[in-house]
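Same order as they appear, the protein sequences are chains A and S.
Under this note's numbering, think of the first position of the first sequence as 1, with each following residue one higher.
Under this note's numbering, think of the first position of the second sequence as 1, with each following residue one higher.
Derived by calculation from the structure, the hints in this document are not laboratory data.
Only a predicted model underlies this, so the values are computations on that prediction, with no experimental measurement involved.
We put the beta carbon where it would ideally sit given N, CA and C, even for glycine.
Take the hints with a grain of salt, since some may be wrong.
[As the list claims (entries may be wrong)] Each pair of labels, with its calculated beta carbon distance range:
id	chain 1	residue 1	chain 2	residue 2	range
1	A	Asn41	S	Ile139	36 to 44 angstroms
2	S	Leu121	A	Ile3	54 to 62 angstroms
3	A	Leu44	S	Gly64	19 to 27 angstroms
4	S	Leu117	A	Ala2	28 to 36 angstroms
5	A	Arg14	S	Ala35	48 to 56 angstroms
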Amino acid sequence: MAIKNCIKELRQKRGMTQEDLAQSAKVRRETIVFLEQNRYNPSLQLAHDVAEALGTTIDKLFSFS
Amino acid sequence: MTFAQYRTARAALAAGLGALVAASVVMENFPLAAAAVSVAIIIALFLRSRVKEIIADERDYQSGGTAARYTLSVVAVVGAIASFTLLTLRSSNPLFEPIGSVISYSVCGMLLLYSFLFTYLNREYEGRRKLLYMSVAAILVLVFVVAGLRIFSGEDAWRCENGQWIEHGHPGAPMPAAPCH
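Construct all of the structure, not just a fragment, from the sequences and the given hints.
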């Protein structure tokens, strides 16, 4: 089961850089890059932190296929 | 301090420490090496505390854990093969036995430590404390048993045989002045 997300779209809509989002979620910028490219499955905590930084919820940010 | 500056400083610290340890080995000044390592650790921790950016996150820890597992497997297998080979060929070179023994004991120690940490981290809090106490008790018993065997077994001592004092092992004391009967 693959996990996809719309982190990049929401981030760009809010005018945030990858660095801004990384600082808000307390991770490195490289991790945001990996997340946006669907190359890394975050922990529940990180998923929550990223969703909160983007002003949305986990179920709207991530989808399972 | 930025992360890039921290990495540069850390590389310079590692290079300096390596040179100092190498020099202390050549000069046979081992307290210098120990002091250099201790100071380098303190400096590294200080530098790390000055970095405002995030140095490592969950992805780094996950990658590190996977890398450590693979490294453990490789080192254990290679170390076992190397030590078996050296010990088997010990008759061809007197250095093979001590080197092979050091390698095999190091691999065993590494695997024991990994088993302990894995069990410890997989337990809940109360189970962890119990495991820790049992492990410390087992280590203390082992230390006392080994120390007792070394001290009281007669190894590294002078023995009276056929009216002469014979050196057994490497006794630290000089030959007894009393006559040997």
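Cβ separation of Asn41 of chain A and Ile139 of chain S, checked against the hinted range 36 to 44 angstroms: Since Asn41 of chain A and Ile139 of chain S have Cβ atoms about 39 angstroms apart, the given range 36 to 44 angstroms holds.
Hint check for Ala35 of chain S and Arg14 of chain A - Cβ pair distance inside 48 to 56 angstroms: holds, 52 angstroms
Ile3 of chain A and Leu121 of chain S - C-beta distance against the hinted 54 to 62 angstroms: violated, 26 angstroms
Hint check for Gly64 of chain S and Leu44 of chain A - Cβ pair distance inside 19 to 27 angstroms: With a Cβ separation near 20 angstroms, Leu44 of chain A and Gly64 of chain S satisfy 19 to 27 angstroms, so the hint holds.
Cβ separation of Leu117 of chain S and Ala2 of chain A, checked against the hinted range 28 to 36 angstroms: holds, 33 angstroms
The earlier numbered hint that this structure contradicts is number 2, and it is the only one.
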